[in-house]
Every structure is written in C-alpha cells, then in structure tokens.
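**Q** So you can see what is in the structure, the chains are spelled out below.
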Amino acid sequence: MKKSSIAFALLLTCLLGWPTDSMAQMTDSNADQGDPLSSDPNDPGNLLQEIRQRETEQEALFRVSPLGGVRDRAVRAKHIIYEATGFKLGLALTNLNQGISQALPGDADTGMTTDLDFVVKRDLINKGQPNHGGVYYQLEGRWDYGTTGPQDLGFVSLASAGGTANAFSAYTPTFLSRNLYWQHGSKEAGWVYRTGKITPDAILLTSQYISPVTTFLPNVGTGIFAAGFPDSGLGTVGAVFPNDRIFVAALVSDANADRFNFGDIGAGDYYAALEIGVKILPLTQKAGYSKFDLWHNDGTKNGLPINASTGRDGWGFAMKIEQELTADGRAVGIFRYGRSYDKSSIYKQQAGLSFVLVDPADPLRLQNDLFGVAFNWVDSVVAGSRDEYNFEAFYRFPIFPVVDATLSYQSVIHPAFTTAIDHASAFSFRLRTTY
Amino acid sequence: MKSAAAVSVILAILLSWPTFALAQDTRTAPNIDQGDPLSSDPTDPGNLLREIEKRDARWAAAHSGRQARSDRSYKKR
Numbered sequence: 166m167k168k169s170s171i172a173f174a175l176l177l178t179c180l181l182g183w184p185t186d187s188m189a190q191m192t193d194s195n196a197d198q199g200d201p202l203s204s205d206p207n208d209p210g211n212l213l214q215e216i217r218q219r220e221t222e223q224e225a226l227f228r229v230s231p232l233g234g235v236r237d238r239a240v241r242a243k244h245i246i247y248e249a250t251g252f253k254l255g256l257a258l259t260n261l262n263q264g265i266s267q268a269l270p271g272d273a274d275t276g277m278t279t280d281l282d283f284v285v286k287r288d289l290i291n292k293g294q295p296n297h298g299g300v301y302y303q304l305e306g307r308w309d310y311g312t313t314g315p316q317d318l319g320f321v322s323l324a325s326a327g328g329t330a331n332a333f334s335a336y337t338p339t340f341l342s343r344n345l346y347w348q349h350g351s352k353e354a355g356w357v358y359r360t361g362k363i364t365p366d367a368i369l370l371t372s373q374y375i376s377p378v379t380t381f382l383p384n385v386g387t388g389i390f391a392a393g394f395p396d397s398g399l400g401t402v403g404a405v406f407p408n409d410r411i412f413v414a415a416l417v418s419d420a421n422a423d424r425f426n427f428g429d430i431g432a433g434d435y436y437a438a439l440e441i442g443v444k445i446l447p448l449t450q451k452a453g454y455s456k457f458d459l460w461h462n463d464g465t466k467n468g469l470p471i472n473a474s475t476g477r478d479g480w481g482f483a484m485k486i487e488q489e490l491t492a493d494g495r496a497v498g499i500f501r502y503g504r505s506y507d508k509s510s511i512y513k514q515q516a517g518l519s520f521v522l523v524d525p526a527d528p529l530r531l532q533n534d535l536f537g538v539a540f541n542w543v544d545s546v547v548a549g550s551r552d553e554y555n556f557e558a559f560y561r562f563p564i565f566p567v568v569d570a571t572l573s574y575q576s577v578i579h580p581a582f583t584t585a586i587d588h589a590s591a592f593s594f595r596l597r598t599t600y
Numbered sequence: 515m516k517s518a519a520a521v522s523v524i525l526a527i528l529l530s531w532p533t534f535a536l537a538q539d540t541r542t543a544p545n546i547d548q549g550d551p552l553s554s555d556p557t558d559p560g561n562l563l564r565e566i567e568k569r570d571a572r573w574a575a576a577h578s579g580r581q582a583r584s585d586r587s588y589k590k591r
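Each protein sequence line maps, in turn, to chains U and F.
Every number in my numbering is 165 more than the matching position in the first sequence, counting from 1.
Every number in my numbering is 514 more than the matching position in the second sequence, counting from 1.
Hints listed in this document are in silico derivations from the structure and should not be mistaken for laboratory results.
Mixed in with the good hints there might be a few duds.
Taking lysine-lysine pairs in the DSS-like style, the calculated list, with each CA pair at most 25 angstroms apart, reads [said to hold, decoys possible]:
no., chain 1, residue 1, chain 2, residue 2
1, U, K352, U, K253
2, F, K568, U, K253
3, F, K568, U, K292
4, U, K466, U, K352
5, U, K352, F, K568
6, U, K292, U, K243
7, U, K451, U, K292
8, U, K352, U, K292
9, U, K508, U, K444
10, U, K243, F, K568
11, U, K508, U, K451
12, U, K444, U, K352
13, U, K243, U, K253
14, U, K451, F, K568
This is chain F alone, in the form it adopts within the complex (with noise of 0.2 angstroms):
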C-alpha cells in the first residue's frame, strides 16, 4: 500500500515537473531519431544499425574535406 502510496506520488510529480519548459519556445533537439518501434535499447539489432549509419554519416561529413583533399592531391600526382 505505502510502496503504491509512493510510485503514485513519484508519478504525480513527473507530470506536473516539465510545466516551465513547456511555456518556452521547444525548439526540437537535432538529429531526431525515434529508433526502432518495438525497442528502445541501444543494443537491439534495429537501433544499432540506425546508430552506426548516423556515426558513420557524422564521420563521412566531418572528413568529407580531408578525403576531397586527398583525392585532389593524388590526381596532381
């Protein structure tokens, strides 16, 4: 009885706790993901997938300029 005295109070506070972010503008994060539909975990085979190909598009844009570079330099030779 206490133990649902205490999760009900938990909860309570939960819903009523984000009420002052609500009142700002709520400027959606990047990189919005929602995963696989069945599974949250990290580990699930859906979201490790959709993990690495976001981490392997972060590394492709961040050394797109050194590969172009390195591509120009091997046409000169």
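In isolation and in its complexed conformation, chain U is listed as follows (with noise of 0.2 angstroms):
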C-alpha cells in the first residue's frame, strides 16, 4: 500500500507541478485565438487564419520524399480499386531501432523490428448514411532482421514488466489475421455493435493519443494490462450513444482466443467488459472520451497466460480519463489506472500520467509534429517482483513528407524482474508511412 501511495503521490506532483502559466503560453504558439464572432473552422475568418498559418509551416524537415513516385501510384491504384470493386485499402508500415544501456549478462542491448498493417474494408449496406454496414480485415506482421526485437530488449534483456517497446517483436510465423469483423451503425445512428474477430484491447480503454506505433513505446504507457485482456479472437461489442458526450458499451470475446488462430470459443471461458465513456470537459469538437471499465475473466481452459490474461479466473476495473488541457485542444493531459484481482492479470495495478502537445512550437515550424511525456508504474502480478517505474519523453515529426520520425528517451526504474540493474536507458528511433 505504502508503494502504491508513493507512485500515486509521484502522479499528483507531476499534475500539480505543472505551470499554469506556462500551459497558458503554449495554448497556441501562432498567438491565434480566430475569428472573433465566430469558432466554426470554415467561417472565412478562420479559414484564411488557417491557410496563412498552414503556408508559413513546413510540412516536412525535406520537403521532396525519395518515395514520392511510388505514393503517387499507390494512391492512384487504390483509388482505381476503390472505384471499380468497393473495397478501400490501406497499409501502414512502422520500425522501430532500440537500443538499452543495461542488460542482463549474454542478452542483446540492441535491436529493430517492423510492424506492417494492412488494412480492407468493404461497405456491404446502406453506405454513407449513419446505419452503414461493413466488412473489416487486418492483416498483421512482424519480423525483426534477426535481431532482438525491442519489446523483448524490456521483458528479457532488462527483465522489465513494463517493458521498453509494446508490439515490437518478430511473430512466427510472420504474418496473422488480426481483424476480421462485421461492423454496422454508428455514432450518428447512436447505436453501433462490431462482431466476429475482434482485439479488446485495441477497443477498450484505448486513446487516440497512446499507441506504440504513434507516440508512446513501453507496454505499460501504451495497454492497460491490468485489465486482464484476452488476446485477438471471436467476440462481439456494441455501445449506445445517448448524445456526444456519453456512450455504454459491453464486450463478450473468447478467453482462451489467440491471434494466431480462431481460439476455442466452444470451452465456454469468456470475457466481459462493461464499458462508460464520457466527455467530462470538453474544449474542441476532438475532444476524447474518458473511460471507465468493468471487467471479468473466466481464465484459459489449461491455466495458460495469454495477453494481459493470467490464465486465472478474475475480475478488475480499470480507467482513463482524457481531458483537453488548452482550448485548442491541442495540449492533453490522460490518467489512467487499472487493478485486477484473483492474480487474473499479468499487472496486479498500474497508473500512468501521460502529457502530449501537439504542433509544438518548434524553429523548423513543421507541420502535424507531436511531443509527448508519461510517467508509469507497474506492480507485477508475479510473486518477489518489484514496483518498476518508467519515464518517456518523445518528439514525433514528418522527416519525409507521409513519414513519420520519432526520438524516443525511456528511464527504467527498478525493472521489476530482476535486482541485478537499477536503471537503465533506452533509446528509440521510429519510422512509420502509410500508403
């Protein structure tokens, strides 16, 4: 309890201790406060502000990309695809170099793995009205140049819970089905459900603004494994939308599911999650949900851990909560803490203190870059561990035109698996495009 005061302490201080003032410069670094009758981006006043401002920003540190010509065919192509068939296609591709100061001794210290989203979806019924219904599928892969991924540099090599790369390890073989589901409704409709094979982590508890392929890295600043997720596999979830600022959602999926395959949804382990999001303040029509959860875990048929599941029978709750810190809504500020009980979940509690500003004000004046800092603490589910904690600070920004850089700097306090090693540091370099 005495640590998880301390950590909780740590959390309030960072919130606290955050200037006012300071926070108030960096509302807008143009000084821009718009058209002043009206806050509507098309209004005339606001749209030449907006194109003056745009004109003046780089969009990228080099303007030509070295892959201009194939984009400039890939975006044709899908178009030409999407005109003659119905079917809308997209592919991200993400890498990410690591490398640690401290490993356990004979563990790498090095490391790059690439992740690869290839993403169809087809409109099936009443397309473009708030009723639609459509097919999605995700193909995943993973490889790693056989090298140590970086997500294994945190949890071997650094014998980290909270690790120092979510997502960034090499898959065997390399690529899955992810994603195969129905989806139909919509916000408008104020109803919506998704069915088939689903990933209720990517659904629950989820931020526009955490992600280990656009912002943050380490596992426990990017999933809340304290809510004893299962992995990708058969299941169903639906929410209501009273208005805007509210939703209730619920989602059943299989507990024994692996992304690797179809699960065993036929042993009856499920798990379900009751979820509540509400806008508590919000600044910009952006604005994120934040969100409550409420969840159960039957457990593996054979007792085995899979994702955040500990293979145990259990419950937990879980929350985070998003708020726009500037009117602009470009600074955000996000809390998130989950507990789990019955030792169901591979993290007993976790908290998280995460700050991002977006278009920071910077000498290049680039275009859609993006600064980020968290602090997260991690108690292990697993006996003798320790209270690990991590601090990241990153700057995102388009090297390229549609590429993506990001800097990364992690400090790793008490890795929660071993004693051999305080503190260690990771450094990160991340590329992502999209096509």
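Since each chain comes alone in its own frame, lean on the hints to assemble the complex.
**A** What follows is the structure, given as structure tokens:
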C-alpha cells in the first residue's frame, strides 16, 4: 500500500507541478485566437487564418519524398480499385530501432522490428448513411531481421514488467489475420456493434494519443495490462450513444482467443467487460472520451497465460481519464489506472500520467509534429517482483512528406524481475509511413 | 482506501483544471476527426484507414501543384 501511495503522490505532483502560466503560453504557438465572432473552422476569417498559418509551416523536414513516385502510384491504384470494386485499402509500415544502456549478462542490448498492417474495408449496406454496415479485415506482420526485437529487449534483456517497446517483436509465422469483423451502425445512428474476430485491447480504454506505433512506446505506457485482456479472437462489442458526450459499451469475447488462429470459443470461457465513456469537459469537437471499465475473465481452459490474461479466473476495473488542457485542444493530459484481482491479469496494478502537445512551437515550423512525456508505474502480479517505474519523452515529426520519425528516450527505474539492474535508459528511433 | 482517495483527488483536479481555458474563445482545431465509434486506438482498422485517407489527402493537396506542372510539361512534349 505504501508503494502505491508513493506512486500516486508522484503522479499527483506531476499534475500539480505543471505551471499554469506556461500552459497558457502553449495554448497556441501562433497566438491565434481565430475569428472573434465564430469558432467554426470554415468561417472565412478562421479559414484565411488557417491557410496563412499552413503557408508558413513546413510539410516535412525534407520536402521531397524519396518515394514520391511510389506514393503517387499507390494513391492512384487505391482510388481505381475502390471505384471498381468498393474495397478500401490501406497499408502502414512502422520500423523501430532501440538500444538499452543495461542488459542482463548474455542478452542483447540493441534490436529492430518492423510492424506491417494491411487493412481492407468493404461497405455492404446503407453506404453513406448512419446505419451503414461493412466488413473489415486486418493482416498484421512483424519481423526483426534476425535481431532481438525491442519488446524482448525490455522483457528479457532488462527483465522489465513494463517493457520498452510494445508490439515490436517478431511473429512466427510472420503474418497473421488480426481482425476480421462485421461492423454496423455509427455514433450518428446512436448505436454501433462489431462482431467477428476482434481485438479487445484495441477497443476498450483506448486513446487516439496512446499507441506504440504513433506515440508512447513501453507496454506499461500504451496498454492497460491490468485489465485482463484476452488476445484477438471471436467476440462481440456494442455501444449506445445517448448523446455526443456519453456512451455505454459492452464486450464479450473468447477467453481462449489466440491471434494466430480462431481460439476455442466452444470451451465456454469468456471475457466480459462493461465500459462507460464520458467527455468530462470537452473544449473542442475532437475531445476524447474518458473511459471507465469493469471486467471479468473466466480464465483459459489450460490455465496458461495469453496477452494480459494470466489464465486464471478473476476480475478488475480500470479507467482512462483524458482531458484537453487548452482551448484549442492541442495539449492533452491522460491519466490511466487499472487494478486486477484474483491474480487474473499480468499486472496487479498500474498507473500512468501522459501529456501530449500537438504542433509544438519548433524553429522549423513543422506541421503535424507531436511532443509527449509520460510517467508510469507497474506492480506486477508475479510474486517477488518489485515496483517498476518508467519515464518517457518523445518528439515525432514528419521527416519526409507522409513519413514520420520519432526520437524517444525512456528511463526504466527498478526493472521488476531483477535486482541486478536498478536503472537503464532506452533510446529509440521510429519511422512510420502509410500507403 | 488510500488508492481510492488518491484517484478521487486526481479526478477532482482534472475536472477543475481546464476552467481557465473555457473562458477563452474555444476555436475548434482543424481536421476534426471523431474516428471509429468503438475504438480510439490508431491501429484499429477503422482508425487506420481514416488516418491513411487523411495522409493521402494531405499528400495530394501538397503535391497537386507539382503534379499539375508535371502534367502540363508532359502535354507540351
């Protein structure tokens, strides 16, 4: 209890210590309050101001893309395929290089992994209407070029519970079908559901500002692994939206799910969760929901762990509180906390405080860049492990048009599963592009 | 019990924190994107497709001038 109190006190200090004056200055680097009579971005005054701002900003550090011709052809090909067949296609490639300052004897201290996502969508009914329905498919591939993937640098070389690079380790086999589902409805309709092969940890408690391919890296900083999540598998999730600021969602999925196959839903073990989403104090229309979850996991049929589940029957709760901190919504604070019971989740407890600033003031005036800092704490369910802390700071910027580069530094304090290392740094360089 | 108290305090701070900003003109940031109604995760298929569409649109907007110039010079040849 004392350790958790210390962790909360630290998080609280971070929140209270953030200087209000500097926040006010950060509201907009261009001191741009927009048209005094309208907040609508399409209002002529606001539109002209935005155009002027965009004209003075750089699209990327290097304006000419070495793969510009490929991109032109890819965009054109996707358009032709969509017009001819109705299939919408997308490809994302993310590569991460990481080095750690300390490693256990005999273990690697550098590595790299590429993550590939290929997505297909086909609208099938009521296209363009609120009650539209369609099928989604996602192929995922991960490979490490014969190195030790950065995720294993954290979990193995550093004996860390919080990890240093969520998702960046090779799959065997390299490719798998991660999602294949039918989705029907929308927020505008007031209801929506998804059924098929789904990924619970990419649905519940999520934030647009928290993902290892776009923002923060460590497992403890990107996933809520105190929420007992099963792996990608057969399941259903639905939500109702009484209004724009609230939703209530329920999810049921196979507790024996395995992303490499279709699990064993016939075994009768399920993961069930109830989620309530609230926009507590939205300052812009793009404000994210704060989410509160209550969950139960029946455990796996053979008692073996998978994803965030230890394989044991148990329950827990978790929350993600997301709040815009400035009037233009560019500064966002996110607090996350999860607690599991009955040793059912790989993290007994975790808490984290993250802060992101979109389009920070930088001398090159780059568009679509992002700065983030986070502090996380994890209390692993493994007996004898110690409390682990992770501080991260990153800066993401477009190095070429539609190619984002990220520089990240992590400080891992007290890796949970060893006393041989008290502190290690992790340095990362990430490249991401889409087609 | 202490954990619950700490969470309550943080909730209270977060709820009262942005009141200074509310008094200002709340100019909406451009590129409003509500994303997939069931997931905010950028790797969720719906959000990933939306992100790619936005990036393609940015690419097209930034390079439409270059493309037009290239097309004109091709026609001249």
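**Q** Next pair to validate is U:K508 with U:K451; report whether the Cα-Cα distance is within 25 angstroms.
**A** violated, 37 angstroms
**Q** Within 25 angstroms, alpha carbon to alpha carbon, are U:K243 and U:K253?
**A** holds, 7 angstroms
**Q** Does U:K253 sit within 25 angstroms of F:K568, going by the straight-line distance between their CA atoms?
**A** Answer holds: F:K568 to U:K253 is near 13 angstroms, not above 25 angstroms.
**Q** For U:K466 and U:K352, compute the direct alpha-carbon distance and say whether it is at most 25 angstroms.
**A** violated, 36 angstroms
**Q** Given the hinted pair U:K352 and F:K568, is their alpha-carbon gap at most 25 angstroms?
**A** Cα-Cα ~20 angstroms, so holds.
**Q** Has the given pair, F:K568 with U:K292, been kept, meaning a C-alpha gap of at most 25 angstroms?
**A** With a Cα-Cα distance of about 20 angstroms, the restraint between F:K568 and U:K292 holds, given a limit of 25 angstroms.
**Q** Between the alpha carbons of U:K508 and U:K444, is the straight-line distance 25 angstroms or under?
**A** Violated: U:K508 and U:K444 sit about 32 angstroms apart, past 25 angstroms.
**Q** Given the hint that U:K292 pairs with U:K243, test it: the Cα-Cα distance must not exceed 25 angstroms.
**A** holds, 19 angstroms
**Q** Take a quick look at whether U:K243 and F:K568 sit within 25 angstroms of each other, Cα to Cα.
**A** Measuring from Cα to Cα gives roughly 14 angstroms; hence the hint holds.
**Q** Take the C-alpha atoms of U:K451 and U:K292, compute the straight-line distance between them, and say whether it is at most 25 angstroms.
**A** Judged against 25 angstroms, a Cα distance of about 24 angstroms means the pair holds.
**Q** Are the Cα positions of U:K451 and F:K568 separated by 25 angstroms at most?
**A** holds, 15 angstroms
**Q** Is U:K352 within 25 angstroms of U:K292, Cα to Cα?
**A** holds, 15 angstroms
Hints 4, 9, 11 from the earlier list are contradicted by this structure; the remaining hints agree with it.
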